[in-house]
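Visitor: Sequence:
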Amino acid sequence: MGVPPLYSETNEIFSKDLSETDVGVRLSFPMKALKVFQFLEGENKMEFEAADGIGKRWIFGLSKRKARHPKPVLSSGWLAYVRAKGLQIKDRFVLYGDLDNLSTKKRFRVRAQRKVRRPIKLFGKEIHVEEVWVDVEELEGLKREVSRSIL
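With UniProt numbering, you'll find the sequence shown wraps up at 151, consecutive numbering, no jumps.
Worth flagging that the hints you see were computed from the coordinates, not collected in a lab.
Do not rely on the hints blindly, as some may be mistaken.
Said to hold, decoys possible - No more than 35 Å apart at the CA atoms, straight line, and that leaves these computed lysine-lysine pairs for DSBU-like:
id, residue 1, residue 2
1, 35, 16
2, 64, 106
3, 90, 16
4, 125, 56
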């Protein structure tokens, strides 16, 4: 048995392309994703911890309305994550979850991605441009490499 992949589509809880409200105020997400969170009886707020692709741990506050349509949102901790990752409108946020083997506690992972255009070259000539999702941490690494090579 090997190490499970950091991100597995089978463990994806939800993904969302970010809106202006998502990057400036709070992140709303699908009600179907609520089933993986365990709220205490009668409570409409909770916190959970999630690790990103570089191992940094983030604590997010999750709340839902008490009405029939709960409308879950991430509020506390969310804007700090947005700023740290430099997230923008149309970037993508993905939440993954799986059961910890040692307990019944859920472990969560988060991923921030940006769509970039990558040229495809044949014999040095650009023949096509494709758009692909890239983790923002990878983009930061590329920026650092470029700035070092300029010095």
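Visitor: Evaluate each hint against the coordinates.
Guide: Quick rundown of the hints versus the structure:
no. : hint      : verdict
1   : 35 to 16  : 17 Å, holds
2   : 64 to 106 : 19 Å, holds
3   : 90 to 16  : 9 Å, holds
4   : 125 to 56 : 40 Å, violated
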